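FYI, in our numbering the residues of the sequence shown are 260 to 480.
Since the hints were made in silico from the structure, they are not lab data.
Given the structure is predicted, the values throughout are model-derived calculations rather than measurements.
Errors might be hidden in some of the hints.
In the DSSO-like style, the derived pairs of lysine-lysine whose C-alpha atoms are separated by at most 30 Å in a straight line are [stated by the list, open to error]:
(1) Lys263 x Lys424
(2) Lys471 x Lys273
(3) Lys415 x Lys471
(4) Lys263 x Lys273
(5) Lys273 x Lys415
(6) Lys424 x Lys471
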Amino acid sequence: MVRKGHASERLGQKQDALADYTLAIESRTLAGDEQAQILFGRGLLLEAMGRPNDALTDYGAALSLTPDFAAARNRRAGLYARMGEVAEAQGGFAEAGDTHSRPQAADPHLDAPVASRESTRTAAAVPTTTDGKEVPPNGHRRQAQLQLGAWRSPQKAEQGWDHAKALAGDVLVGASPRIVAVDLPGAGRFYRLRVAVTQTGSGGLCVALAAKGLDCILIHD
260 MVRKGHASER
270 LGQKQDALAD
280 YTLAIESRTL
290 AGDEQAQILF
300 GRGLLLEAMG
310 RPNDALTDYG
320 AALSLTPDFA
330 AARNRRAGLY
340 ARMGEVAEAQ
350 GGFAEAGDTH
360 SRPQAADPHL
370 DAPVASREST
380 RTAAAVPTTT
390 DGKEVPPNGH
400 RRQAQLQLGA
410 WRSPQKAEQG
420 WDHAKALAGD
430 VLVGASPRIV
440 AVDLPGAGRF
450 YRLRVAVTQT
460 GSGGLCVALA
470 AKGLDCILIH
480 D
């Protein structure tokens with residue numbers, strides 16, 4: 260059912276995919292982590308179908324099974340931001356950032372959903388690194404990174420930056436983007452789009468960006 264659901268979703272058959280995911284979830288035959296992943300996938304689908312409250316329920320169910328599921332926590336925070344629930348959004352982004360910053364918590368789900376929604380806009384060049392490691396920022400203030408998306412090519416990541424600037428308005432004024440290439444086990448190479456910000460107010464920036472429909476992951480250095 261899970262594979263059938265994935266195939267239906269790729270073909271744009273959302274109702275069929277939803278039915279297949281629901282059957283897989285209700286069968287109770289999946290292990291805890293697998294069940295959490297399917298709940299997360301159904302949540303993404305429900306978001307795309309304009310059913311945010313149902314998506315929130317699925318993200319919460321996924322987190323009850325796998326509390327360190329950073330992608331589910333981050334998506335839930337983004338939904339809270341778009342609903343105007345600022346306190347819940349800020350807390351969710353902070354918790355997701357703490358989880359994602361742990362070395363053992365590299366979660367391809369944080370990249371894959373964005374990579375499947377590639378922008379087609381034209382973009383200016385953005386600096387790229389290919390080792391997946393961040394260069395320590397200048398200055399003495401504590402820094403954080405905001406990840407705005409991940410794509411399968413640096414060109415698509417550049418287009419993602421152009422798209423982010425267009426949607427964000429003055430929220431990203433003065434921000435300096437970087438593209439970081441990372442190899443994720445079992446998922447391949449992704450090109451992450453990040454901007455450096457100070458720790459103070461970084462959660463608020465994620466809330467502001469999410470409220471404008473952008474993905475945002477808070478990464479602590």
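Structure-based check of each hint:
no. : hint            : in the structure
1   : Lys263 x Lys424 : violated, 37 Å
2   : Lys471 x Lys273 : holds, 24 Å
3   : Lys415 x Lys471 : holds, 20 Å
4   : Lys263 x Lys273 : holds, 12 Å
5   : Lys273 x Lys415 : holds, 25 Å
6   : Lys424 x Lys471 : holds, 11 Å
In summary, the structure is inconsistent with hint 1 from the numbered list given earlier, while agreeing with all the others.
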